[in-house]
Amino acid sequence: MAFDLRLIAFIEFRDNRMYVKHICRHAEYDRLTAYSGAPFKLRPYQREAVDATLNHFRRSDESAVIVLPTGAGKSLVIAELARLAKRKILVLTHVKELVEQNHAKYQSYGLAGGIFSAGLKRKESHHQVTFASVQSVSANLDQFRDEYSLVIIDECHRVSGDETSQYQRIIELLRQQNDALKVLGLTATPYRLAMGWIYRYHYRGFVRGSVDEQDKPFQHCIYELPLSYMINRGYLTRPELVNAAVAQYDFSALARDRFGEYAEKDVNQLLSKHKRVTRAIIEQVMELAAERQGVMIFAATVEHAREITGYLPEYETALVTGATDQKDRDMLIQRFKQRQLKYLVNVSVLTTGFDAPHVDVIAILRPTQSVSLYQQIVGRGLRLDEGKQDCLVIDYAGNHVNLHHPEVGEPKPNPDSEPVQVFCPGCGFANIFWGKTDSEGRVIEHYGRRCQGLLEPVDGDEPASQKGRLEQCDYRFRFKECPHCGGENDIAARNCHRCQKAIIDPDDQLRDALKLKDAMVIRCAGIALSVDGNKLRVTYHGEDGEELRESFDFSKPGQRTVFNKLFGRRFANGRAPKTFSKAEEVLESQALLPAPDFVVARKQKHYWQVQERIFDYQGSYRKANEA
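Heads up: the sequence shown at position 138 corresponds to 138 in this note's numbering, and the numbers run straight through without jumps.
Quick caveat, the hints were computed from the structure, so don't treat them as lab data.
A hint or two may mislead.
Below, in silico cross-link-like pairs of lysine-lysine (BS3-like), each with a Cα-Cα straight-line distance of 30 angstroms or less [what the hints assert, rightly or not]:
(1) 517 / 578
(2) 182 / 86
(3) 436 / 123
(4) 275 / 121
(5) 517 / 265
(6) 275 / 265
(7) 556 / 623
(8) 501 / 535
(9) 603 / 623
(10) 327 / 501
(11) 565 / 623
(12) 535 / 565
(13) 436 / 517
(14) 436 / 515
(15) 327 / 273
(16) 556 / 582
(17) 86 / 121
(18) 436 / 327
(19) 565 / 515
(20) 327 / 337
Computed Cβ-Cβ distance ranges for the label pairs, DEER-style [claimed, not checked]:
(21) 415 / 233: 25 to 35 angstroms
(22) 485 / 143: 55 to 65 angstroms
(23) 302 / 518: 26 to 36 angstroms
(24) 290 / 426: 24 to 34 angstroms
(25) 498 / 84: 24 to 34 angstroms
Please read all numbers here as calculations on a predicted model, not as lab measurements.
Just so it is clear, CB atoms sit at the ideal spot from N, CA and C, and this is done for glycine as well.
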């Protein structure tokens, strides 16, 4: 039997020499290995992920995460780790399809493993390696009283920190039998809008989230591979981004919750007013997909999905939602995979654990603020398949996500925000924050708060359990100053992290000032500067034309210090704090000088005296630049 192994050539430059590498197309390689009966051969990055796991757990019992994009072959990494294990391990996932897939890869090594899944009608827990669904194990905890050395969780972004969750109950039970139990998670989406980052420390030397956040399900990310790596090296199909020229939905007017998500009622209400838009979109999708093999459409809501389905050919279309019966769902997915159906419409249920390599059109009709979720959606169409050259990706929801950008880890503050790199003046770490750039790509604004870099701990009085643990850099780009000790705190802090005393809430400040007859509060829209000798005059302009003024005499060290603490520390969005010694220096750099969000003044006999300047405000009052 002959095999058509199409090779992709890559040119790499190392040490001023040119090297040519040949990489076998994944789909053909899979068929070859399956035919020959040989075990699967790990790709270089899969081997690196396995090595990273072994190295981590030799040093520590703390939980770990491996981040691999869709199509990277997580099941092979799992199979290799299971093969190397000398004691009992449990491989958990949330859907039977992944249980079956992970088990099949392990068996390809010629090894026997058990399956514990009610959906697959098998309950085997006596093997050294057991592949199980979390629901089935949780319902049969008494059958898992043996000592396990390792728990592997596929699609681990579904694990919550809640102690009562199914995953946590299983882990707690196994820890009772082995307090040195190792826990490893694998996922393509380590950040979810509803819960944030699933881990705390990254092996490249930075931290995720703030210290005061709730405990995360995992401690360390020990290996991560970007989607661009897979695409550039031919492991995934090239995405062809198509401009949605017909029409787009505009979700920008809708209110988002603290997780960056829209209320389903609001979305349905907006979409109901744009039925013509939806019809035009589906007509364009059908036109673009005329010569294509498989189309996945991601709808915003169930009601939206039903409307979309009504515009598609009945006998070529399937609709899958969370409410779809499991048997019907399995049947529809199978028909789609067998190419009996061309269009598959879904609502948030096929972003993970779904593998149909022939998909070559992805139509996104739902909004998302998550870069990793967007990549996961697009990834459904990037698997290699025979005769597949590319995958059309059409975004009708105006998400404006760059596939090759890393996840920022915060909801997008503005529709025109983009990921920007911001170096910490304290430790030099290159942070990734939401921000804005000018026409030449220079950062003109960013929304970062605290540096995410990790520093080597200094010898001190930290507890023994914390010895040797890296500490987060304490430099803050935006901060709330403690009135008692001068410590810089997160802008949402209620108590100072240094002296533990209560910090006045800005909302309380504004509320109290607005009650006073002799107080003036302005929403500051900008500042203007002028110099008279050593004196610097600052004029605060309110959005309704109000003005407040104050002066700083730079010949007096005290006033110079106050100005630098207020404005110099926040100079250039905190990226390049500056200590000004002369008033003329400030005037020369006024374009990078920050303006407060609110200014509070009290009436004196013949003038208004500025008392408070509130920077980086977050609260219930509207700022000047907000609608």
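Results of checking the hints against the structure:
1. 517 / 578: Violated, because 37 angstroms separates the two Cα atoms, which is more than 30 angstroms.
2. 182 / 86: Holds, at roughly 13 angstroms.
3. 436 / 123: violated, 54 angstroms
4. 275 / 121: violated, 44 angstroms
5. 517 / 265: violated, 43 angstroms
6. 275 / 265: OK: residue 275 and residue 265 at ~16 angstroms, within 30 angstroms.
7. 556 / 623: Distance of about 33 angstroms is beyond 30 angstroms: violated.
8. 501 / 535: violated, 35 angstroms
9. 603 / 623: Holds, at roughly 23 angstroms.
10. 327 / 501: violated, 59 angstroms
11. 565 / 623: holds, 23 angstroms
12. 535 / 565: Judged against 30 angstroms, a Cα distance of about 17 angstroms means the pair holds.
13. 436 / 517: violated, 40 angstroms
14. 436 / 515: violated, 37 angstroms
15. 327 / 273: Violated - the C-alpha atoms of residue 273 and residue 327 are around 34 angstroms apart, more than 30 angstroms.
16. 556 / 582: holds, 11 angstroms
17. 86 / 121: Status holds; Cα separation ~27 angstroms.
18. 436 / 327: violated, 48 angstroms
19. 565 / 515: It holds: about 29 angstroms lies between the C-alpha atoms, which stays within 30 angstroms.
20. 327 / 337: Distance ~15 angstroms between residue 327 and residue 337 Cα, so the pair holds.
21. 415 / 233: 25 to 35 angstroms: holds, 33 angstroms
22. 485 / 143: 55 to 65 angstroms: holds, 56 angstroms
23. 302 / 518: 26 to 36 angstroms: Since residue 302 and residue 518 have Cβ atoms about 56 angstroms apart, the given range 26 to 36 angstroms is violated.
24. 290 / 426: 24 to 34 angstroms: For residue 290 and residue 426 the Cβ distance comes to about 56 angstroms; the hint is violated.
25. 498 / 84: 24 to 34 angstroms: violated, 47 angstroms
Checked against the numbered hints above, the structure violates hints 1, 3, 4, 5, 7, 8, 10, 13, 14, 15, 18, 23, 24 and 25; every other hint is satisfied.
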